[in-house]
Amino acid sequence: MSQSTDLSWHQNVEENGRQPPLSLQDVHVSYRTRKGSVQAVRGVTLDLQAGESLALIGESGSGKTTLGLGIVRLLVDTAEVSPGKIIYRRDGREVDVLSLADGPMREFRWRDCAMVFQSALNAFNPVLKVWDQVWDTAKAHRWNNREEVRERFLDLLRFVQLDPSRVIDAYAHELSGGMRQRTLLAISLLLDPQILILDEPTTALDILTQRTIIDLLRKLKEDLHFTMLFISHDLAIAAELADRVATMYAGQVVELGPVEDIFYRPRHPYSLGLIRAVPTVTGGFEELSSIPGSPPDLINLPTGCKFHPRCPYASERCSSEEPKLERVGDNHFAACWHTDAVQDDIERNGLRGKKRS
Amino acid sequence: MTPILQLRNVTRYFGSGRDRVTAVDSISLDIEPGEIVCLVGESGCGKSTTGRMIVGLLPPSDGQILYQGQDISAMDKPDYQQYRRAVQIIHQDPYASLNPTQTVRQMIMTPLLRHQSQRSAQNGSGGGRRSRRRDVERRAAELLEIVDLTPVAEFLDKYPHQLSGGQRQRVSVARALTVEPKFIVADEAVSMVDVSIRVSLLNMLSRLKEEFDVTFLFITHDLALAKYFAWEGRITVMYLGRIVEEGPTPRLITDSRHPYTQALLGAVPEADPELAKKKTHIELRSAEIPSLLNLPAGCTFHPRCPYIAEGECDTVVPPLERISEGGSVACPVRMSEPTQII
Ligand SMILES: Nc1ncnc2c1ncn2[C@@H]1O[C@H](COP(=O)(O)OP(=O)(O)OP(=O)(O)O)[C@@H](O)[C@H]1O
Ligand SMILES: Nc1ncnc2c1ncn2[C@@H]1O[C@H](COP(=O)(O)OP(=O)(O)O)[C@@H](O)[C@H]1O
Ligand code: SF4
Ligand code: SF4
Ligand SMILES: [Mg+2]
Ligand SMILES: [Mg+2]
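Quick mapping for you: the protein sequence lines, in order, are chains A and B. Each residue of the first sequence is one higher than the last, beginning at 1 in my numbering. Each residue of the second sequence is one higher than the last, beginning at 1 in my numbering.
Just to be clear, a hint being listed does not mean it is correct.
[As the list claims (entries may be wrong)] Per label pair, the in silico range of CB-to-CB distance:
id: 1; chain 1: B; residue 1: G44; chain 2: A; residue 2: Q161; range: 20 to 28 Å
id: 2; chain 1: B; residue 1: D71; chain 2: A; residue 2: L351; range: 47 to 55 Å
id: 3; chain 1: B; residue 1: D314; chain 2: A; residue 2: K219; range: 25 to 33 Å
id: 4; chain 1: A; residue 1: L351; chain 2: B; residue 2: P248; range: 21 to 29 Å
id: 5; chain 1: B; residue 1: A153; chain 2: A; residue 2: P309; range: 14 to 22 Å
id: 6; chain 1: A; residue 1: G36; chain 2: B; residue 2: T150; range: 26 to 34 Å
id: 7; chain 1: A; residue 1: A170; chain 2: B; residue 2: S164; range: 37 to 45 Å
id: 8; chain 1: A; residue 1: D155; chain 2: B; residue 2: T150; range: 25 to 33 Å
id: 9; chain 1: B; residue 1: V152; chain 2: A; residue 2: K35; range: 20 to 28 Å
id: 10; chain 1: B; residue 1: E154; chain 2: A; residue 2: L351; range: 32 to 40 Å
id: 11; chain 1: B; residue 1: S164; chain 2: A; residue 2: G36; range: 31 to 39 Å
id: 12; chain 1: B; residue 1: Q106; chain 2: A; residue 2: G329; range: 49 to 57 Å
id: 13; chain 1: A; residue 1: G329; chain 2: B; residue 2: A153; range: 40 to 48 Å
If you're looking for bench data, these hints aren't it; they were derived computationally from the structure. Built from N, CA and C at the ideal position, the CB exists for glycine as well.
Given these sequences and hints, build the entire structure.
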């Protein structure tokens, strides 16, 4: 197999066709446990468009990581993906990811869709030096030209602003958190995947390190037009990097839309609740408010809208009937019976809390 | 008024010989009763070490810590015990600090009973055992209400693993309140709970300040949280064991002077797409944070600082100097330059 030392062929989105590279259709994931079945993902339908970056945001336990792991099929054995379909497209061809055999699945995982994991340390083999791990990965994909692989990896390390000589012969534990995260990013780009899934790419990193990672990811997005799925509980990642945002609650996408719509014209009470709960650092003081209660038990889910026990707009209907995603604007969808009430609230009280000077 | 707490050139080393690191390097800080002070900085800069010294969990290697004007290392036993009760800490990970085999009732009642018997021993006041227990039970319920664990009856018999992260943190706070503290060090107390719940925890802590006159040292790496919690207080910024800037929160947020503070403020990702686009970032000369084992000479920020004055910054440790806009700055080069991040 030969690889160009160009960082990527994503420069021209048109070449990749207009079909979304990834389509999730009614994807469900559940975990078998002693207490019952944990409904971690419940019917997610989503297209990842070529060249876009989509952020999946939501609280801990909302099913973000489960969905990401489901796409690259790295879930634990007790997890089951069913029903649902995951369609992947490249060069005019289409595959059903869930029916791939082990061999093609491994290929898919690095060459088509690479995932950078939530905990960067766990993703490394502790007894291998960085280079050995990279070489193993390349060989596993039948790329046996050592010089070529090394050349490309050095390029990638420089691209993520690491000094190759400090990294290539190091063990993962010898690297700082930020260096580890950047190394992982370089490895994930090795086989030039079409899609990159990044799970909490900045969580637990220091602020200045977060900034370097964000700037780097922005470069991937703006210069190389990578197709990226960001997974994070941190709204700021979405605001900084996403073209579109999907808000997840209790295993479902409850709102989906362009980043400006989600941040400035949210229509789902949960999205609005999140926005009103997060302070910004620049500018004057803003009142914040929290969302009452806590996320539901995924074994015994509430009836109706899963957000109703915490929702300030809930009506009788909400506790019995579950809303589906409906169009509320151009490319903007929300799953809520009372999107009008949310709009009213914003018009009357402003998006965020009152300013104090 | 005497500050409730004073640090005078407090230093803390760890390790010895070539492995010796200076986690906290000669910091001084006065905190007035009822104030809210935030300590911010990146991981490893010495925030928790400072917090642990303040509550008496770790002795300073050098310098003094004064509680209500008295050096804690020179206190007699009763005074020391009183200080240890008055100054409490809430940790980042409530899971690690709560006993997994105790119910909420036990966790709150045990220190209350101990506290009460100590007091009745001191005052010689009697009261039957039974009525004492009833008082304590009533007090436990009150405390759980204060931290918003209501309805109380639902929580009394729960174990830590049956609670969410936010609820566990509320139990830690209620437990700290059993001894009627005057000063609370909250070390990353809300960092591990979900964003949707953070604010209610912060508001609960603010209420303690209002209703019980508790003074707070709020330790966080999150400047946005510091700004929200301490808008009427002060922020102190630490870098590699030293204080580099401090001042009233509004000044520090809108008109910071130290290049490190500016770098932090500029780097914070903003949960607002327009703001995220508009914000200016300071380009540092190096992304790597130096090791405490091998600290740069002079201003420890100099290898990364874009404003470095060669020959000066890399030789002389800049002193923390007052500025007329409020607070102080340890950077003679930039202390008089007003800034704005956007
Ligand atoms: N191996 C497992 N067995 C059983 N339940 C699991 C397992 N892994 C995850 N879950 C449950 O599935 C749900 C979704 O978890 P997931 O890790 O996908 O959430 P997340 O949105 O990524 O959260 P976080 O923000 O904390 O990373 C949670 O309720 C979690 O407890
Ligand atoms: N008990 C200890 N033994 C040795 N080193 C320690 C100990 N506690 C903290 N340190 C070191 O002191 C420095 C400051 O740590 P800490 O106060 O925990 O920072 P922060 O809370 O700002 O992240 C770090 O380099 C840390 O590794
Ligand atoms: S459907 Fe009802 S309960 Fe659900 S989010 Fe909308 S208003 Fe709230
Ligand atoms: S003293 Fe010099 S190196 Fe240090 S922050 Fe100021 S300008 Fe930068
Ligand atoms: Mg996750
Ligand atoms: Mg700490």
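These are the hints, each one checked on the structure:
1. G44(B) <-> Q161(A): 20 to 28 Å: holds (21 Å)
2. D71(B) <-> L351(A): 47 to 55 Å: Because 51 Å falls inside the window, the suggested range holds.
3. D314(B) <-> K219(A): 25 to 33 Å: About 31 Å separates the Cβ atoms of D314(B) and K219(A), which means 25 to 33 Å holds.
4. L351(A) <-> P248(B): 21 to 29 Å: Check passed, 27 Å falls within 21 to 29 Å.
5. A153(B) <-> P309(A): 14 to 22 Å: holds (19 Å)
6. G36(A) <-> T150(B): 26 to 34 Å: holds (28 Å)
7. A170(A) <-> S164(B): 37 to 45 Å: At 39 Å between Cβs, range holds.
8. D155(A) <-> T150(B): 25 to 33 Å: violated (59 Å)
9. V152(B) <-> K35(A): 20 to 28 Å: Roughly 26 Å apart at Cβ, these two residues keep to the hinted range, so it holds.
10. E154(B) <-> L351(A): 32 to 40 Å: holds (34 Å)
11. S164(B) <-> G36(A): 31 to 39 Å: violated (19 Å)
12. Q106(B) <-> G329(A): 49 to 57 Å: Since Q106(B) and G329(A) have Cβ atoms about 53 Å apart, the given range 49 to 57 Å holds.
13. G329(A) <-> A153(B): 40 to 48 Å: holds (46 Å)
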